Amino acid sequence: MKKPNQPAQGEESSKALDKKRDEDLAKDRVLIYHLREVIKTREAEGTAFRLVVPSLQIALGEKIALIGQSGCGKSTLLDLLAMVLQPTTVGAFRFRPEPGAPPLDVAADWRRGQLNHLGDLRRQRMGYVMQTGGLLPYLTVRDNISLSRRLLGMPDDGTVEQLAKSLEIERHLSKRPSLLSVGERQRVAIARALAHKPSIVIADEPTAPLDPITARKIMTLFINLVEKFHITVIVASHDWNHVEKLGLRGLSHRTRQHGDLTETVVTG
Amino acid sequence: MSTQRSSGQPPTGLVHIFWLASRDYAHEWVMSGCFVLALAAVLAPMMVLFGLKFGIVGSMIGQLVEEPRNREIRSIGSGHYDAAWFESVAKRPSVGFIIPRTRNIAATIQLRSESAPRIISVELIPTAKGEPLLPAGKAVPTNAGQIVLSESATRKLNIKVGDVIDGSLVRRFQGKHERVHMDLTLIGTASHAAFSRDGGFVSLGLITAIEDFHDGHAVPAFGWSGDTAPTARIFPSFRLFARSIDDVATLRDDLITQGLDVRTRAVDIETVQAIDRNFTAVFWIIAIIGFIGFSFSLGASLWANVERKRRELSVLRLVGFRTGDIVWFPVLQALFTASLGWILASAIYIGVEQTINHMLMPQLQAGQVVCRLLAEHFLITAGLTLFAAISAAALGGYRSARIEPSEGLRDL
Chain A
1 MKKPNQPAQG EESSKALDKK RDEDLAKDRV LIYHLREVIK TREAEGTAFR LVVPSLQIAL
61 GEKIALIGQS GCGKSTLLDL LAMVLQPTTV GAFRFRPEPG APPLDVAADW RRGQLNHLGD
121 LRRQRMGYVM QTGGLLPYLT VRDNISLSRR LLGMPDDGTV EQLAKSLEIE RHLSKRPSLL
181 SVGERQRVAI ARALAHKPSI VIADEPTAPL DPITARKIMT LFINLVEKFH ITVIVASHDW
241 NHVEKLGLRG LSHRTRQHGD LTETVVTG
Chain B
269 MSTQRSSGQP PTGLVHIFWL ASRDYAHEWV MSGCFVLALA AVLAPMMVLF GLKFGIVGSM
329 IGQLVEEPRN REIRSIGSGH YDAAWFESVA KRPSVGFIIP RTRNIAATIQ LRSESAPRII
389 SVELIPTAKG EPLLPAGKAV PTNAGQIVLS ESATRKLNIK VGDVIDGSLV RRFQGKHERV
449 HMDLTLIGTA SHAAFSRDGG FVSLGLITAI EDFHDGHAVP AFGWSGDTAP TARIFPSFRL
509 FARSIDDVAT LRDDLITQGL DVRTRAVDIE TVQAIDRNFT AVFWIIAIIG FIGFSFSLGA
569 SLWANVERKR RELSVLRLVG FRTGDIVWFP VLQALFTASL GWILASAIYI GVEQTINHML
629 MPQLQAGQVV CRLLAEHFLI TAGLTLFAAI SAAALGGYRS ARIEPSEGLR DL
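So the sequences go chain by chain: A and B. Using this note's numbering, the letters of the first sequence map in sequence onto residues 1 to 268. Using this note's numbering, the letters of the second sequence map in sequence onto residues 269 to 680.
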């Protein structure tokens with residue numbers, strides 16, 4: 001970690017100034033996620049995997065892309081952010097449920113085993129788009145989309161129809177998911193994730209099972225919708241070119257091999 | 269806002285799970301139908317088995333209780349019983365009916381009707397109100413002009429209730445052959461079960477008068493002449509019925525200690541009671557094995573169901589259903605299966621019951637059934653089925669409680 005060249009004095013001070021300005025900006029913008037020194041270790045049959053997050057800050061309304069090959073720890077990071085996986089060690093893990101609210105200490109909930117509190121947070125503040133939709137086969141498209149709204153006791157105010165229209169699936173509303181194509185099912189899954197107006201939507205390779213043209217089309221629709229609703233989004237994807245065009249910020253990560261231990265470090 | 273939402277959550281969570289579980293159950297109707305059939309396949313034969321046990325043993329016991337002959341205590345040989353003895357026996361709480369019996373030889377009468385060609389000779393049985401062998405509520409001879417004939421005698425005389433027939437007695441008295449006649453009104457018939465030979469139930473007054481006539485005594489009431497009858501009458505025998513079959517043994521023992529030689533049907537009663545006990549034991553063994561097997565099969569299918577629906581259940585966890593809510597998913601579906609399976613099993617049972625009873629009708633007496641269950645038996649079956657389903661569903665519930673929401677994010 002040697003610096004390649006020694007910068008001049010003036011440059012040095014202006015850089016420090018830039019850095020300070022960045023930090024001020026960071027304080028100004030409202031963070032939805034604030035993670036510091038979060039580590040998750042997984043061991044299986046002699047091989048171990050470690051995800052290290054020295055620092056991760058995600059602002060409200062930000063669009064984040066996680067790019068990388070499978071096995072690099074994308075899913076582990078998504079699980080941690082979705083609060084369904086307990087970190088092994090944690091410096092700080094804070095989550096702000098909505099703009100005006102104070103950040104919540106997720107690490108403390110994990111420590112005290114308050115899983116239902118985390119479940120409530122998930123139900124109220126989060127939406128998910130699974131790789132294969134994860135739709136319930138026994139419910140109609142309309143019921144699938146309104147599931148989270150129904151669960152939260154939210155009124156039937158036309159949001160479902162509006163979303164269906166935006167995603168061009170309104171003619172399928174009373175069908176069951178099995179009658180839909182894979183692409184249409186992903187659109188339903190996106191509508192379901194957004195229907196209860198969550199603070200954040202987490203999508204794990206939402207377009208992976210689709211052909212590239214459909215994938216790009218659906219990803220564009222998805223990102224446009226989260227922008228429209230000012231929802232923070234974290235997407236795991238393998239199509240960096242496209243998500244960069246849509247204005248997503250990529251999280252940088254490095255993977256190293258130490259014998260049997262694979263370590264991925266993510267910062268952003 | 270968030271506290272408001274979470275405070276109203278637990279009950280609505282259950283409502284949503286009920287809605288989802290029933291939608292899933294209806295959506296997978298083929299699977300659900302298989303579970304229902306599997307349950308009915310175990311439950312219906314058990315219900316039929318119990319119906320048979322209850323019907324057969326029930327009618328055997330019913331017969332025991334209803335058949336008055338089972339309560340009868342017969343004296344063997346002849347004795348000397350006076351009015352005081354009859355009074356003292358009648359006072360015992362275990363005695364249902366007692367009446368003196370005259371000598372058998374003197375207790376016969378010749379009957380003739382205008383509608384039949386021949387005269388028949390019938391045995392006479394003394395009777396009074398409360399006669400166990402005659403149906404309750406029907407007329408019982410209370411005066412000397414009335415008679416209740418057995419079915420065979422009625423048929424031979426070709427008469428019906430209300431007809432008047434001629435009864436005649438004959439004796440050799442002071443070297444002369446004497447015949448007296450009397451009019452008897454038929455007031456009822458006794459079933460074949462009550463008396464199988466040619467016989468007639470008459471009042472004690474008539475039968476003692478007939479004995480007096482045969483003995484050569486005068487009977488002023490009928491205008492029959494003869495010697496003066498002795499004032500204190502001694503009877504050689506009696507007709508005695510215990511109040512219930514349970515009283516038979518005690519009454520028999522009492523009489524034996526008095527030095528009487530009596531005979532009862534206590535052995536038959538004990539046989540039926542032993543059959544009931546053994547039958548019940550066998551039934552319970554089969555029922556318990558069936559119940560355990562049924563619980564395990566239901567538990568296994570529910571467990572497999574939860575495994576099959578792991579992904580869907582984890583999606584529910586991911587959208588925010590609590591562990592406590594998710595556990596209800598398999599439990600509610602088990603309750604659906606139990607309810608529908610019970611309804612189907614009951615329907616199958618009722619069909620089988622009707623068929624069996626119809627098939628065996630010719631061999632049965634009126635009102636008897638081979639296969640029978642009471643309403644409370646159906647309710648008990650329903651209760652046991654629900655109990656088994658819930659305990660089996662606890663397995664599935666335990667399994668589903670272990671499902672992590674993170675599984676919903678993965679593709680298994």
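These are calculated hints, taken from the structure and not from any lab test. Since we're looking at a predicted model, the values are computed, not measured. Ideal Cβ positions, reconstructed from N, Cα and C, are used throughout, including at glycine. Watch out, some of these pointers could steer you wrong.
Negatives, chain B to chain A, calculated, CB over 12 Å [claimed, not checked]:
#1 A289
#2 S290
#3 L647
#4 Y666
Here are the simulated DMTMM-like pairs of lysine to aspartate or glutamate, each with C-alpha atoms no more than 20 Å apart in a straight line [claimed, not checked]:
#5 B/K359 to B/E580
#6 A/K217 to B/E580
#7 A/K175 to B/D514
Do the hints match the structure? See the list:
Residue-level check failed: B/A289 sits 9 Å from the nearest beta carbon of chain A, not beyond 12 Å. A beta-carbon of chain A is positioned within 12 Å of the beta-carbon of B/S290; the least distance is around 9 Å. With a cut of 12 Å on Cβ distances, B/L647 stays outside the contact zone with chain A, its closest approach being about 32 Å. Distance check on B/Y666: its Cβ is at least 17 Å (rounded) from any Cβ of chain A, clearing the 12 Å threshold; non-interface status holds.
Pair hint B/K359 plus B/E580 does not hold up; C-alpha atoms about 78 Å apart against a cutoff of 20 Å. Of the pairs offered as hints, the one joining A/K217 and B/E580 is violated, with about 27 Å between alpha carbons and a cut-off of 20 Å exceeded. At most 20 Å may separate the alpha-carbon atoms for a hinted pair to count; A/K175 and B/D514 exceed this at roughly 70 Å.
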